[in-house]
Amino acid sequence: MKMVQEEIRKGPWTEREDFKLNCFVGLFGDRRWDNIAKVSGLNRTGKSCRLRWVNYLHPGLKRGKLTPQEERLVLELQSKWGNRWSRIAHRLPGRTDNEIKNYWRTHMRKQAQEKKRGLSPSSSSSNSCLTSASNPTVDSLPFPKTGEESFYDTGGHDTIAADSLSFPKTGEESFYDTGGPEIIVSAEKQIEEEKAGENVYSMDDIWKDIALSEEKTIKPAYCSFSEGGSTFSHHALTSSSWEYFLDSLWRMDEEIGRRNLIKSPTGGQ
DNA sequence: AACATACTCAACCGCACTGTA
DNA sequence: TTACAGTGCGGTTGAGTATGT
Numbered sequence: 001m002k003m004v005q006e007e008i009r010k011g012p013w014t015e016r017e018d019f020k021l022n023c024f025v026g027l028f029g030d031r032r033w034d035n036i037a038k039v040s041g042l043n044r045t046g047k048s049c050r051l052r053w054v055n056y057l058h059p060g061l062k063r064g065k066l067t068p069q070e071e072r073l074v075l076e077l078q079s080k081w082g083n084r085w086s087r088i089a090h091r092l093p094g095r096t097d098n099e100i101k102n103y104w105r106t107h108m109r110k111q112a113q114e115k116k117r118g119l120s121p122s123s124s125s126s127n128s129c130l131t132s133a134s135n136p137t138v139d140s141l142p143f144p145k146t147g148e149e150s151f152y153d154t155g156g157h158d159t160i161a162a163d164s165l166s167f168p169k170t171g172e173e174s175f176y177d178t179g180g181p182e183i184i185v186s187a188e189k190q191i192e193e194e195k196a197g198e199n200v201y202s203m204d205d206i207w208k209d210i211a212l213s214e215e216k217t218i219k220p221a222y223c224s225f226s227e228g229g230s231t232f233s234h235h236a237l238t239s240s241s242w243e244y245f246l247d248s249l250w251r252m253d254e255e256i257g258r259r260n261l262i263k264s265p266t267g268g269q
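Residues in the first sequence are numbered from 1 upward in steps of one, following the working numbering.
Keeping only pairs whose Cα atoms sit at most 30 Å apart, straight-line, the calculated DSS-like set for lysine-lysine is:
1) Lys101 with Lys10
2) Lys47 with Lys10
3) Lys101 with Lys65
4) Lys62 with Lys80
5) Lys65 with Lys47
6) Lys62 with Lys47
7) Lys115 with Lys65
8) Lys115 with Lys101
9) Lys65 with Lys10
10) Lys80 with Lys110
11) Lys80 with Lys115
12) Lys110 with Lys65
13) Lys101 with Lys62
14) Lys10 with Lys62
15) Lys65 with Lys80
16) Lys80 with Lys101
17) Lys10 with Lys38
18) Lys101 with Lys47
19) Lys110 with Lys62
20) Lys62 with Lys38
It is worth saying that the hints were derived from the structure and are not from the lab. Here the structure is a predicted model, which means the values were calculated and not measured.
Put together the whole structure using the sequences plus the hints.
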């Protein structure tokens, strides 16, 4: 059975896509995005998948507006480092470079407008923070020092963490509140049970295997995680269990679709 | 209430860097 | 050594929403 290459999808992500991406990142880790994109059948580019994961789906993400302390820090670091957004984001756990970039743009625009109107820059609420001597300095803040890994630069999943298999903690009601994907839960269980297993495969082995098996049909023979010199779990997805997994995923899709239709006939986003 | 404007945020694009075969 | 693929970063865009007139 030959996979027909469908058109690459663009634009806003649907809940289904998020769900699939989450599942596949949980299985394979947040590396090899092109492969994740391919294997998941998302019809998205690897780049798009990565961006969605990093900016939206990552379990460590904070939601909502930046706190005044975070705003101060962004301003201070920007004045120190310039537009090194990802570097700045490293100092703000749970915040993404995109978020910070957006905040900065908004802030600058506000400032420009105030200047235009002839207001003194010091009247800007955020601006005064920069000069305040009572503000905590960058280095005194309890954030990771530069060079440490940011929360979202995980270097791949060491384990199939429950977080990565569940969903962002947004607090908002979501499709995955609906009883949960049992297949994922049972996969986790299986992983736990097999943690002491002796057959260990690196992610590269897994991907190679996927590449090999792709000619016939897409199904990796193994699912284990070996990153940074240590392997944390060993989990073999046999062809049949892989088929079962995918099948379950697609069936979940249908279920989600049905629920969404009932919930909001107009659709989301 | 209707329209205009401002704002926010998710997503895309292009380029540069890095790792690997 | 080199070419290529994958990844990360910064800039930009545009849709949706909030606010003002």
